[in-house]
Amino acid sequence: MNPFSYERATDAASAIRLANATAATRYLGGGTNLVDLMREHIEQPEVLVDVTPLAQTIEVRADGSMLIGAAVKNTALASDAHVRQAFPLLSRAILAGASAQIRNMATVAGNILQRTRCTYFYDEAARCNKRKPGCGCDALQGFNRYHAILGASDDCVATHPSDLCVALVALDAVVHLQGAAGSRSLPLTELHRLPGAHPEHETELQPHELITAIEIPALAFAGHSAYRKVRDRSSYAFALVSVAAALDVDAQGRVRDVRLALGGVAHKPWRASKAEAVLRGQAATEATFLAAADAELAAARGLRDNGFKIELARRTIVAVLQQLTEARA
Amino acid sequence: MNAEQKPAPSQWQPGVTPDEVMHRHGMIGKPVSRLDGPLKVAGKARFAAEVPYEHLAHAALVHSSIARGRISELKTEAARAAPGVILVLTYQNMPRLQNPPLFGSAPKAVGASTLPVMQNEHITWNGQPVALVLAETHEQAEYAASLIEVRYDVLPAKTDFDAAKRQARAPDTILGEPPAIEIGDAEANLQAAAFKVDATYRTPRYNHNAIELHAATVAWQGDELTVHDATQMLNGTAWTIAQLFGIDEKNVRVLSPYVGGGFGGKALWDHQILAIAAARLAQRPVRIVLSRASVFRIVGGRTTTEQRVALGATQDGQLTALIHTGVAAMTPYNACPEQFSFPARHLYATQALKVAQQVADMDMMVNTFMRAPGESIGTFALESAIDELAGQMQLCPIELRRRIEPSKDPVSGLPFSSRHLLEAYQRGAERFGWDQRNPVPRSRRDGEWLIGMGVATATYPYYRMPGAAARIKLTNDGHLTVSIAAHEMGMGTATAQSQHVAERFGLPLEQVTFELGDTTLAAGSLAGGSSQTASIAAAVIAAGEQLIDQLLMLATGDSPLAGFKRDQVEAINGGLAVRGDTTRAETYAAILQRAGRTALQCEAPAPEPAELQHYSMHSFGAQFCEVKVSAITGEVRVTRFLGSFDTGRILNPKTAASQFRGGIVMGIGLALTEATEFDPRSGRIMNPSLAEYHVPVHLDVPEIDVMWTDIADPHSPIGARGIGEIGITGVGAAIANAVYNATGKRIRDLPITLDKLL
Ligand SMILES: Cc1cc2nc3c(=O)[nH]c(=O)nc-3n(C[C@H](O)[C@H](O)[C@H](O)COP(=O)(O)OP(=O)(O)OC[C@H]3O[C@@H](n4cnc5c(N)ncnc54)[C@H](O)[C@@H]3O)c2cc1C
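These protein sequence lines map, in sequence, to chains A and B.
If you use the UniProt record's numbering, the first sequence corresponds to residues 1 to 329, in order.
If you use the UniProt record's numbering, the second sequence corresponds to residues 1 to 758, in order.
Since the hints were made in silico from the structure, they are not lab data.
A few of these clues could be false.
[Said to hold, decoys possible] Covered stretches of chain B (chain A as the covering partner; in silico rule of three or more C-beta atoms under 8 Å from a C-beta of chain A): (1) 35-42; (2) 136-149; (3) 612-626; (4) 669-679.
[As the list claims (entries may be wrong)] Below, a list of computed lysine-lysine pairs in the BS3-like style, where the Cα atoms sit at most 30 Å apart: (5) B:K654 x B:K473; (6) B:K565 x B:K108; (7) A:K274 x B:K756; (8) B:K565 x A:K132; (9) A:K132 x B:K75.
We put the CB at the ideal spot given by N, CA and C, even for glycine.
Just chain B, same shape as in the assembly:
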């Protein structure tokens, strides 16, 4: 790519001075407790399912029990006659809607699929909503829903991945990247290599299980629609709903101040759309709260994959071939091909590279993004293979990675914006005591327990989503409010951004308010791809520049700042000061008061993410773990875990540590306990409950140590690259590698359940 392609539109962007705030150490970097913590503990944070309305009606869903076919008969009389029932909604009386614009097909399109929502008698997945019942109470709605009888004409369905993968196809793109890349002749190099690994890895389906069930409370007032949602894509939801219902985007207000866990799953699914339609027909505000089983049926999850990783290496540990190919289950109606080959495109130096992804179309609930889609399970395969290669070469796996550390991006040839993977390895290895590892498998034992250590690389791309803007309001008491339709899914958005804003404008935390969660605020970008922090920061920087320009325009006459330009001043001590001469300063309050203004307001969009055209931008980490495996039962217990990360500047070590740890906990689930049981005969999920779908329990999770390089990335706003997803990457492989070290058994299909180790 050409480095001169785009102008650099902001001071921290390529070619210009890095953002100075990234190197200041005031509020940024402090372990501030979450500002919404007290509200949540007191039960005062109001979630989507809790918003009160008068005359609220409650909805319940009926799901199809077949994967493909037609509804031949719908018996709804009993449900209609049941106590409290207001409305029974089926394809027969559902308002005619446009099909959802598919995620990525337009800037604000977030449709999970292009499938029409209850518009006809066709069934395309097992669990598809076939009716919605509206009643005076939740219990009445559920009971009436159970009275609905549905008959089907069943059609043959593709519900067996092993059969479907034989007809796999290449998708058009993998999130804008080519599905296949070949540099050199990797297959030939592999054949000729001194050392080689060529193995197949399998990963199951996983489902979203945020604590907060998906819910929405919706109300129409004339043509105006209010949606209290649990979402990580406010503006996209508003726009997409407007398209579906053929109304003006301005008439749709979506609010979501608190979300009880997102992970990619809190998106626009059928339930909000059905509730909105029901509310319109019934002319009542409507609440829908999915049951846990319904979340499994109508919210997508991480899809199943079969991946091949092949590595060829020279005697001295240079890669001559890196091959990462495979198939993921998908549908013809969505665009989520599970980018498992992304890590292989950026991680290691190799003479020849071949990546190729295919998708196998199935009749199933559309799959979706789930914490580090692709990277989580892609690193399982790739980093297991690296470990296999190191074992074959009798080389420490960290040393192998040192030898294949690239000096520039292996595919694009761009320089890395900031890459300190080896430092993360080295510091992690010291703290973890990696030198205690015996490279010979099955050589450490404590009674019946075999003990092993494993390590793997974590990686996740830097993204900055377009579309975000920030609105700033400064009042003459010196209080500054930033508002943006951003998302708080529990990770501490408002807290970290308040710190950022305080630092940037030289204010104490109490003088700063960060408003989010409402589409009437300045547009936000979606909270996905670990991009929100950087996306917001870029918007705040842009709006902040305007604010300072406005302030300087007011600072005339006898103001000590009169005549100075933006780059001659800095924000400090609640106001502006001339650089290098802090005696020439004036507080914000004084500037506004002298000018007779009560407030200043400005709004600006973030510049396009041009930095991504100039640099290969990724976060990195090294995941270390120790496991014990019962020689009798094959039970695996993770006994120690350390994540050592290189993710740019850490804005708040407290909330950051929670993100890393949470990712690692989810990685333990991915590696050891979780799997969706998708019955290949029926396409039905058979374990749609927290009793049978095993997320890790406390006892499965050891104390998790996390550390970071804290090296600011000079090419991202405030030097931060995003931390929400990287924690889960590499965990699957680190655990599989540790299990191998403990037992001598290489498990290549997840989850690593005890039967595989007997």
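Here chain A stands alone, though its shape is the one from the complex:
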């Protein structure tokens, strides 16, 4: 790990001011990802600005929407009463991630901005276009079980590893940002980028732009939702495939509305809009669910080790939608 200095922000404005003082600054949340990457020399900040003193509040508005401070711990969000009742998929997604100790440290913003677990990204001896743009990608022909089946490029096949984000994109979450140029907000689906020719650009954030909060709009039927994560051991492993879904079926057994997102399949948390479009207005049956999954996965491509994830995603999508349908009946 490189030597670095540590600063503690008191609020968003001070964080931005401290960060802009040096180019090589990183915001520090719980440090559970950033500090690991510093130990591996992949991140080499000279200054860390601790942003855990930022808002740790969870605000529930009258309409049921929520405003979640960027520094709220993953554990606190997962155990929030309103989250558990109104957005159970979010609580389940968080609890499916990492370990209790890590969740106790991890912040919401840090989770959103955690970096890929591609082992070639982690190893300085390997080629990685994220670490060294243009040098090539060793994962393409290497161990790529955990890699993308959707939206990948020849330059990068890494996935975004977050569980929390999968639930958030399903819920149309909006990210509140603040930077030197002022404040703005962005749908979470637009925060992370696909790798394309520039996998080193992972998000739409401006340099030193700060996440200040996450907003979740109200969604009445999200009380009936699920998160299913499929992985290589029963806990403490990243998703091979995960599915977040909320389903609203009317009295006639038709899908009135649906939210569906996938994890472990792409460089960003994957909102399954194509599947949603197939589902809306159709009978909530296995045939419809299969058609929806196929529509979403039509563009999926397997690599050496991860081709099975296409079928796995298909089955998991169908199983989760069936589970939600049966639980309703």
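Start from chain A and add chain B with the ligand according to the hints.
Using the frame of chain A, we list chain B with the ligand on its own:
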């Protein structure tokens, strides 16, 4: 082998009376809690990385990023100039050392390979240490290490097992056994058999992941070297280091009172040697603690194998052919061919047998012993095949094993010293509810979960390592101390041996001390091959005989014991008594006090393990498991597990249960979750961390039931055969067999990940 070959040198050895202590039920067999437990819980047990020294310097390693070639350029200026740096060690300034004497090449040789340690510019594996940085703090050393730049001339490397296995060779020996054995014409019998199985099984690389990272704190004082190590081979380490550095073995003291998990991995690797060299150059005590990634790079693991098992059987379930052959990846510099064919040599009666092992040389970190090397993955292949055969014959797999139970060792023809495998099966089957199993695959289901049961034989050889001695000191307050350079890797060595000593000398536990973990004590043998308990016991018996002789020499005059010989007395109630007349007795304290002695001391080596020349000695077990497999995702969960063992006398049911359970947990990892990702393009391990290398988590491990026959082996000291490794054997097959029963899918390559079941 000729039964008259060797004299039987001790009373429990062949031809003479079994050790009587094995049948006493006093301290032995009690569930005594680990004596070091309170120390560990309080953080007072001091491990190798925690020993304090003044002016301690801290080391960090730089590893090569290529598998084979030469260092063409080393840029160390920035590292030298970095804050706190004391020394940068590379092949350019490394003291000239002898090459390590290879494990097994001499009685105390424990070198992991014959490769020179940082003596030249050659690179022979990806991850090889190319520099060590010494600094005032650990953080400074790590930072400076990151500033070192190394350039290489790259040479082509053999890093692809599939390519390497085409040039496989037969090793000279497999741990002293012939690499190939043929009895009868197994291939012809197989062709002609009524039922046959002929299949290929593959097992991946696995890495050691003991909780305690490898670490050493080393210090020179003149020519004398002290090494605080985490090791399971104290005396071998001292001797081998002495050879490397060209110093007298007596000048090397190795201490290792506590080890946070060994499993075969806590051995002599490059890090201790480099730290010792650095300490000499810097004239400072040095501490080295490997990072988890460094453990993957410079500590060997279980190597990859491809195995063929073929079985031929008659209509009534007699084996006519048993074939177990295959290849394991190895290097030209080590001698660890992964004895996967050992179980097939001793387990079943067969008309014809063919075993043959080859090794494929690769450019990789040398592989090593890892809990039941060979037997763990050998039983995966063999016991999967037995299950396949039973399925084909529509025979209960336990019944098949009953029909092929041998009456003597199939290869040597020797009698088994003690073999109760069928009893272990029968008792295990009852307790587990084996009769609940539906032999038709895919016939039990609970919602999306397919349920299946599997069973497999566990087996591990009995070993007793030569070289151990015991020192006994008896003081005139009646307190007895046994000291021996033995190893405590958390399994309860001191506890079980204290019980043994208390029982043998008729003392309460509080009157007994068992000292270990230091080469200044009587020589120990290495803690490997599940041999330590028996090896120590044999030494304690030998020294104990001397002690009693000495006591009787003192018990003269008006002592009630005057004139009696050793075989006429027994140790009881804190002293000796005449057999059959316990009123004629005297306590140890009284004997010493009357003779005006404050203490008695004696030391004796264990006799050679002659019992192994007279008997085929193995432990056995039956592993039962139930799994559920998601019909949707292919996820496998072990829902129930029972290990039923026949391992001789159990000295302490509490510590023994932990050994069995721990082995089974590791077996669940072997079967379902663990695999080292060794990139065949670069020879680099790509998942050197506990995040990406998946050892089982709590949720992967159900409650594990264990039971044992507790039948003392009359031909091993105190009747115990060793229990550290057998727990992992058979687990891979039991799980694979259960997965087959649940799903109808036979998975022959480990680990059984969900993609194989979709
Ligand atoms: C062994 C292991 C297993 C794991 N398993 C899972 C899993 O299964 N599922 C899962 O989802 N996650 C998993 N994680 C990842 C874990 O969830 C993340 O490490 C954690 O959420 C990151 O949060 P943090 O606050 O510690 O972030 P940090 O490490 O502090 O920061 C991460 C990044 O976010 C930036 N950042 C932090 N706060 C802000 C802010 N307010 N504005 C702008 N930038 C900011 C930092 O600069 C840094 O780049 C695992 C981690 C480990 C180590």
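Verification of the hints:
1. Using a Cβ-Cβ cut-off of 8 Å, 0 residues of the segment 35-42 of chain B lie near chain A, which falls short of the minimum of three, so the contact claim is violated.
2. Proximity of the segment 136-149 of chain B to chain A, defined as three or more residues with a beta carbon under 8 Å from a beta carbon of that chain, is established by the 4 residues found.
3. Residues of the segment 612-626 of chain B with a Cβ under 8 Å from some Cβ of chain A number 0, which does not satisfy the need for three, so the listed coverage is violated.
4. Coverage of a stretch by a chain is defined here by at least three residues with a beta carbon nearer than 8 Å to that chain's beta carbons; for the segment 669-679 of chain B and chain A the count is 4, and the condition holds.
5. Proposed proximity of K654 of chain B and K473 of chain B is supported: the alpha carbons are some 28 Å apart, at most 30 Å.
6. Distance hint between K565 of chain B and K108 of chain B is unfulfilled; the C-alpha atoms sit about 37 Å from each other, more than 30 Å.
7. Distance restraint check for K274 of chain A and K756 of chain B: the Cα-Cα separation of roughly 29 Å lies within the 30 Å cut-off, and the hinted pair is therefore satisfied.
8. As the CA atoms of K565 of chain B and K132 of chain A are separated by approximately 81 Å, the hinted pair breaks the 30 Å bound.
9. Annotation: proposed proximity of K132 of chain A to K75 of chain B holds, straight-line Cα distance about 21 Å (limit 30 Å).
Checked against the numbered hints listed earlier, the structure breaks hints 1, 3, 6 and 8; every other hint is satisfied.
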